[in-house]
Amino acid sequence: MVHPVIKLIAQRIALGLLLLWAVSVLIFVGTLILPGDVAQSILGQAATPETLANLRAELGLDEPPLTRYLSWAGGVLQGDLGTALTNGEDIASAIGKRLGNTLFLAFWAAVVSVPLAIFLGLMAVRYRDRWPDKLISGFTLATISVPEFLLGYIAVYFLAVKWRLLPSLASIYDGMTLGEQLYAISMPVLVLVLTVLGHMMRMTRAAILNVMQSAYIETAELKGLRPINIIAKHAFPNAIAPVINVVMLNMAYLVVGVVVVEVVFVYPGMGQYLVDHVSKRDVPVVQACGLVFAAIYIGLNIVADVVSILANPRLRHPK
Amino acid sequence: MSDALLEIKGLRIEATSYPPGEKPRRVTLVDDVSLRLEKGKVLGLIGESGAGKSTIGLTSMAYGRGGVQITGGEIWLKGRDILKGGPAGLRALRGCEVTYVAQSAAAAFNPAKQLMEQVIEATLKHGLSTSAEAEARAVVLFRKLGLPNPETIGKRFPHQVSGGQLQRVMTAMALCSKPDLVVFDEPTTALDVTTQIEVLAAIKEAIAETGVAALYITHDLAVVAQVADHIMVLRHGKMVEYGTTQQIIETPAQEYTRALVSVRSIDHAEKTDGAAPVLSVAGITARYRGTKFDVLTNVTVDLPAGQTLAVVGESGSGKSTLARVITGLLPPSAGRITFAGRQLSAALKDRSKDDLREVQMIYQMADVAMNPRQTVGTVIGRPLEFYFGLTGEARRIRVQELLDQIEMGKGYIDRYPAELSGGQKQRVCIARALAAKPRLIICDEVTSALDPLVADGILKLLLNLQAQEGVAYLFITHDLATVRAIADRIAVMFKGKVVRYGTKTTVLSPPFDDYTDLLLSSVPEMKMGWLENVIANRKMESAGN
Amino acid sequence: MTRIPLAAMIGLFFTGAYFLSAIFAGVIAPYGMAEVVGDSWEPWSAAHWLGTDTIGRDLLSRMIWGGQTTIFVAAAATALSFITGSVLGFAAAVLGGWMDQLLSRTVDLVMSIPSLISALLILSVMPSSLITLIVVIGLLDCTRVFRLSRAVAVDITVMDYVEAARLRGEGTAWIVFREILPNALSPLVAEMGLRFIFAVLFISTLSFLGLGIQPPMADWGGIVKENKEGIVYGIPAALVPAVAIATLAISVNLVADWILNRTSSLKGGRG
Chain A
401 MVHPVIKLIA QRIALGLLLL WAVSVLIFVG TLILPGDVAQ SILGQAATPE TLANLRAELG
461 LDEPPLTRYL SWAGGVLQGD LGTALTNGED IASAIGKRLG NTLFLAFWAA VVSVPLAIFL
521 GLMAVRYRDR WPDKLISGFT LATISVPEFL LGYIAVYFLA VKWRLLPSLA SIYDGMTLGE
581 QLYAISMPVL VLVLTVLGHM MRMTRAAILN VMQSAYIETA ELKGLRPINI IAKHAFPNAI
641 APVINVVMLN MAYLVVGVVV VEVVFVYPGM GQYLVDHVSK RDVPVVQACG LVFAAIYIGL
701 NIVADVVSIL ANPRLRHPK
Chain B
50 MSDALLEIKG LRIEATSYPP GEKPRRVTLV DDVSLRLEKG KVLGLIGESG AGKSTIGLTS
110 MAYGRGGVQI TGGEIWLKGR DILKGGPAGL RALRGCEVTY VAQSAAAAFN PAKQLMEQVI
170 EATLKHGLST SAEAEARAVV LFRKLGLPNP ETIGKRFPHQ VSGGQLQRVM TAMALCSKPD
230 LVVFDEPTTA LDVTTQIEVL AAIKEAIAET GVAALYITHD LAVVAQVADH IMVLRHGKMV
290 EYGTTQQIIE TPAQEYTRAL VSVRSIDHAE KTDGAAPVLS VAGITARYRG TKFDVLTNVT
350 VDLPAGQTLA VVGESGSGKS TLARVITGLL PPSAGRITFA GRQLSAALKD RSKDDLREVQ
410 MIYQMADVAM NPRQTVGTVI GRPLEFYFGL TGEARRIRVQ ELLDQIEMGK GYIDRYPAEL
470 SGGQKQRVCI ARALAAKPRL IICDEVTSAL DPLVADGILK LLLNLQAQEG VAYLFITHDL
530 ATVRAIADRI AVMFKGKVVR YGTKTTVLSP PFDDYTDLLL SSVPEMKMGW LENVIANRKM
590 ESAGN
Chain C
774 MTRIPLAAMI GLFFTGAYFL SAIFAGVIAP YGMAEVVGDS WEPWSAAHWL GTDTIGRDLL
834 SRMIWGGQTT IFVAAAATAL SFITGSVLGF AAAVLGGWMD QLLSRTVDLV MSIPSLISAL
894 LILSVMPSSL ITLIVVIGLL DCTRVFRLSR AVAVDITVMD YVEAARLRGE GTAWIVFREI
954 LPNALSPLVA EMGLRFIFAV LFISTLSFLG LGIQPPMADW GGIVKENKEG IVYGIPAALV
1014 PAVAIATLAI SVNLVADWIL NRTSSLKGGR G
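Protein sequences, first through last, are from chains A, B and C. Per our numbering, residue 401 is the first one in the first sequence, and the count goes up by one each step. Per our numbering, residue 50 is the first one in the second sequence, and the count goes up by one each step. Per our numbering, residue 774 is the first one in the third sequence, and the count goes up by one each step.
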C-alpha cells in the first residue's frame, strides 16, 4: 500500500502540472481573443492590406487557433519558444541567459530576506505589543505602502547619488568575479529585500503567534519548562510548516517584484526583457516570458503545499 | 496549620479587559477567596461559567491566563509563599509539585510529538528520574487508568487515540512526576456520558492509589460529589459556601447551593391520553452525500399531538440527523414522514409554506441562531410578516405579546442579540418559533449550552408553553435528566438505530437492553457513593456473565 | 457610536484630503496639467512649491493632476473589482454546486499567474487606454475579492440563523441581502481599502513601466518615469510621488483597520 503522504504529494504535483497546462492555454487564447491585431501593431501606420496579409501568413496567423496552439505548445515542450517578431532572435536562447541573471538576483534577495524576516518575526512575537514590535510593524507598513520602483529610486537617490556608497546601475557581464557581481547587484537586492520583508515578517509573526496561543504551549508552561525549551520543542515543530508556507508565497511574490526592479536598475534579466517586448508588442516573447514566470510561481506554490503536507503529523502518522 | 498542603488566603485576581471600541478597564475575576487543602484530600471547586473556578485552580501554580494578574492574597504551598518564588521558583514547582489536567486534552497535547515523550517530559526536565524509569512509571499509570495497550500507546500521536483515552493519558502525564497536587480542570466535561463515568472512575482510583491531593474543577455538582472530600461553591468570583461534600449535598446552607443541588429535578408526569400522532416517522434511512455509510437506519417513531418525544443518544448516534431529515434539510434514502395526516415531501424546496410554518426549530447555540444584525423585534417579527402578513403596529403588538409569553416583558424589542444573556437569547429563539404558530417544534439540545439553573428555567418555560399552546416537541438531547423533566415518550438512539422506544415510564423501567442500561447507569446522581455503586455493579455483572 | 481613535482620525483626514484634491484638481492646481512654465528641474521656490519637472512644468500641479488620474483609475478599478468579485463570490457560496466549482476553479487559474504578468500579457495585445487599464486592473483584482467574499459568505451560510431562514422558506434574495450581506459588510469594506491601495500601486507601476497612463496625461507613476533621469544629478523630483503614494496608502490602511475593529465589536458580545 502506498503511504497516504506520497499519494497526496503526487496528487498535488499532478494538479500543478494540470494548472500549468491550463495556464499555457489561457496565455495563448488570451492573447488571441483580445481585441488588437499583432500584425497591425507591428506595421503600425505603414500597414497596407497587402503587407498585412503577407505578415499574417508569415506569422501563421491565418491558421486555425488549435493548430497554432498545438505547434506552439509542442515547441515549448521541446524547449523551442519560437522566435521574436521584432528581431527574429531565438527566444529560448535569449531567455536562458537572462533567466539565470534573474534567478541570481532573486536568490540573493531570498538569502538576505528570509532569515531576516523570520528573525524580525520572532522578535515581534517575543516583544509583542511593546516597542520593538511596534517599531518593526511601523517600518514594515511603510515599506509595504511604497511601490518597488519608488523604493528603488529612493535608494538610488540616497545611497548612490548623495552618499556614493553603492552603484546605481546593476550591470553584470561575463568575467566578473562573484564579489564584483554581488557589489553590482547590492542595490536591487536591497530593494527586493525591502519589498518582501514586510509581508514575510508580518505573516511569520501571525503564524508563530497562532502557534504560541495553542493550548499545548500552556501545557508546556505548566510543566515548568524554560521559555527557550518551549519554543524549541513545542512551538518550533508546529510553526515550521506555516512559516515555510509564508516564505514560499513571498518567494513567488519576489519573482514578480524582480520585473520592476530590473527595469529600475537596468539589470539584464527576464523582467527587463519582458517589459521591453510588451511595449514593442512582440507577442511570442511576451507569451514565453509569461509562461516561464507562471511556471516558477506555480512551482513555488507546489513546494509550499508539499512542505505543509510533509509537516502535518496527522498525515505522516495516519490512524 | 503546618499540615496544610495548599493554603490560599484572601485571593484577589484582576484582569484588564479590552472591550472593542472602548477604553480598557480592570475587572475583578476573583475576590477574597480563601481555601485550605490537606495532603491526599480532594477539594471540588464548583460554579457556573464565569464563577472564576478555573482561574482559582491555576493560581495554585501561580499561573494566569492571558493577562490575568494576582493582585491580592497569599498562596502557600508546603509551607512557602509561592508568589515570592520568582520565575525560577515557579518553574521548579510547575510540573513537579503541582500538575494540571486540562478540559480538552485533544488541544493540550502537542500534535507533533508522541504521547510518551510528552508524558515523561516534566519528570525528565525536573531531573526526577531517568528516562527508562519514567517510561516504566508511565506504562504503570496507563495500565492503572485502564488504557488499552499500555505498553505501546505511548508511541502513538495525539490524533491517533480517542478523546476519552487522551483525557486518561493526560491524567497519567499529571501523575507521572509524582506531584503533591493535581489540578483537574473540567476533565470529563467534553466527554460523552458513558465515557465520562469510565474516566471519572479511573481518575478517582488513581487519586486514591497515589495519595495525591487534588483540586477538582467542574460545573457539575453531581460529578464533583463523587470525587471530592470538600466542596467550595463559587459565584461571580466570590465564595458562596464551603463545606464537606456531605454537608453541601445533604444540608446546603445557602439559597444558591440549594438551587444547584435541586437542579434538574423538575417533575413532569407523562401525558397518557392517546392523542393522534402529529408526526410519524416510518422506516427512515439516510446518509450524507459523498459518504458510504448510513447515519440513520430504519428509524420509526411517532409523536402524539401536544406531547413531547425525547430523542436521546450520545454524539454520533444520529439524533441531530433525524432532525435534519424531518425538516427536509437532508432528504432520506428510504422511509416517509407523515405530518398532521399528510405526507411531507422529502426535500425542503418541495414543501408548502404551511408545511414549513407548522414545523419550527430551536437550536443548541442561541448565539448563532439569531442574526447578530437584527433586533429582537425583527427576529421575532419576521415570521409574523412572512407567514401572516403582519406589518407595522400590529406586528409590534404581536411581538410584545410573544415576549410576554416567554416572560421577558418590555424593553427588549429594540435590543440586539449581543445585548442579551444566554438564557434570554434562547427565550427569543423560542418566541421566534412560537410566532409561526407551529404544531411541532424541534428542539435540538436547546439547554446543553446553558448553565444548569438557566437551563431549568428554559425547560419550565417550554412545559408551560406546551400546556398553553398544545404544541408538540421533538426534543433532542444527550442528557437523561432533561429527558426525565420534559418527555412523554422516549426514543433511545445508538449508532443510527432506535434501540428502545416507548412511553417515558416503560423506557425508564427495567428490564433494560444493554445500551439503555449503560446509558442510564452512567448519568451521575446527586449523592455520595453513587460512582462506587455503579462500578461495583458493573464488575459484578461482568463477572456473572 | 464610540469615539474615533487618533490613528483613524489621521487616516480619515489624509484620505479625505487626497480625495478632495483629486476631485477639485482644476480649482486647486496653480498651473495647467501640461503647461510649460519654466526651465527644467527648477528647485523649490515660492512660485513653484515643488519645483518644475523635466521639461519645465510645475511639479505641484502635475502631482495634483496626476493624483486625480491615479485616484480616479484606482477607484474605478476598485469599484469594478468589488462589484464583480463580491457578486460572484456570494453567488458561488449561496448557489454552491457546479456554479461554485466553475467560478472557483477559474479564479484559481487566473491567480496562478501573477497579476503583473497577466497585465503585461494583456497590455501587449491591447491598446493602453484609461478604460482598458480600469478593466484590466479591476478584473485581475476581482479574483481576490471573490475569494474573500466567498469565504466570508460560506462561513455565514453555515450559521444556524441562515438555516433558520431557509427552513422558514425565505427566498435567495432575502437570504443574501438580509441575512448574509449585513454580516459580511465589515470585512468586505476593510478589504475594499486594501484593494484600493493595491490598485494605486498597480497603476503606478504600470505607468512607470510605460504601459499605463500615456503622456501628456499626468499620473504618479508617470511622474517618476519622466523625472527618473534627474535622480543621477541629485534632483529629487522623481521621489515626490513616493511621499504621496505612501501617505495615501498608510492613511487608507488606518481607516480600514479601524472599520474592521469597530464593526467586529458587535459579534463577540455576551451578556
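Rather than coming from a laboratory, the hints here were simulated on the basis of the structure. Each hint should be verified, as a subset may be incorrect.
The list that follows gives simulated cross-link-like pairs (lysine to any residue, SDA-like), each with its CA atoms no further than 20 Å apart [said to hold, decoys possible]:
| hint | chain 1 | residue 1 | chain 2 | residue 2 |
| --- | --- | --- | --- | --- |
| 1 | B | LYS398 | C | ARG878 |
| 2 | B | LYS162 | A | SER679 |
| 3 | A | LYS633 | B | LYS398 |
| 4 | B | LYS398 | C | GLY944 |
| 5 | C | LYS1001 | A | GLN613 |
| 6 | B | LYS204 | A | ARG716 |
| 7 | B | LYS398 | C | ARG941 |
| 8 | B | LYS162 | A | PRO713 |
Label pairs and their in silico Cβ distance ranges [unchecked claim]:
| hint | chain 1 | residue 1 | chain 2 | residue 2 | range |
| --- | --- | --- | --- | --- | --- |
| 9 | B | PRO73 | A | LEU503 | 33 to 39 Å |
| 10 | C | MET990 | A | THR448 | 51 to 57 Å |
| 11 | C | MET782 | B | GLY135 | 41 to 47 Å |
Note that CB positions come from ideal geometry on N, CA and C, so glycine has one too.
Practice prompt. Take a quick look at whether LYS633 of chain A and LYS398 of chain B sit within 20 Å of each other, Cα to Cα.
Written response: Given pair LYS633 of chain A, LYS398 of chain B is violated - Cα atoms ~54 Å apart, limit 20 Å.
Worksheet item: CA of LYS204 of chain B to CA of ARG716 of chain A, is that 20 Å or under?
Response: With a Cα-Cα distance of about 14 Å, the restraint between LYS204 of chain B and ARG716 of chain A holds, given a limit of 20 Å.
Worksheet entry | Distance restraint between LYS1001 of chain C and GLN613 of chain A, which requires alpha-carbon spacing of 20 Å or less | Roughly 48 Å between the alpha carbons, so the hint for LYS1001 of chain C and GLN613 of chain A is violated.
Worksheet item: Given the proposed pairing of LYS398 of chain B with ARG941 of chain C, does the C-alpha separation stay at or below 20 Å?
Response: holds, 11 Å
Worksheet item: Has the hinted range 33 to 39 Å been met by the Cβ atoms of PRO73 of chain B and LEU503 of chain A?
Response: Because 50 Å falls outside the window, the suggested range is violated.
Discussion item. Check whether the Cα positions of LYS398 of chain B and ARG878 of chain C lie no farther apart than 20 Å.
Written reply: Measuring from Cα to Cα gives roughly 28 Å; hence the hint is violated.
Worksheet item: CA of LYS162 of chain B to CA of PRO713 of chain A, is that 20 Å or under?
Response: holds, 8 Å
Discussion item. Just to be sure I understand the hint, the distance between the Cβ atoms of MET782 of chain C and GLY135 of chain B should be within 41 to 47 Å; is that true here?
Written reply: holds, 43 Å
Discussion item. Against the 20 Å threshold, does the CA-CA distance of LYS398 of chain B and GLY944 of chain C hold or violate the hint?
Written reply: With Cα atoms ~10 Å apart, LYS398 of chain B and GLY944 of chain C stay inside 20 Å; holds.
Worksheet item: Hey, LYS162 of chain B versus SER679 of chain A, does the alpha-carbon distance stay inside 20 Å?
Response: With Cα atoms ~56 Å apart, LYS162 of chain B and SER679 of chain A exceed 20 Å; violated.
Worksheet entry | Status of the given 51 to 57 Å range, CB of THR448 of chain A versus CB of MET990 of chain C | At 31 Å between Cβs, range violated.
Checked against the numbered hints above, the structure breaks hints 1, 2, 3, 5, 9, 10 and satisfies the rest.
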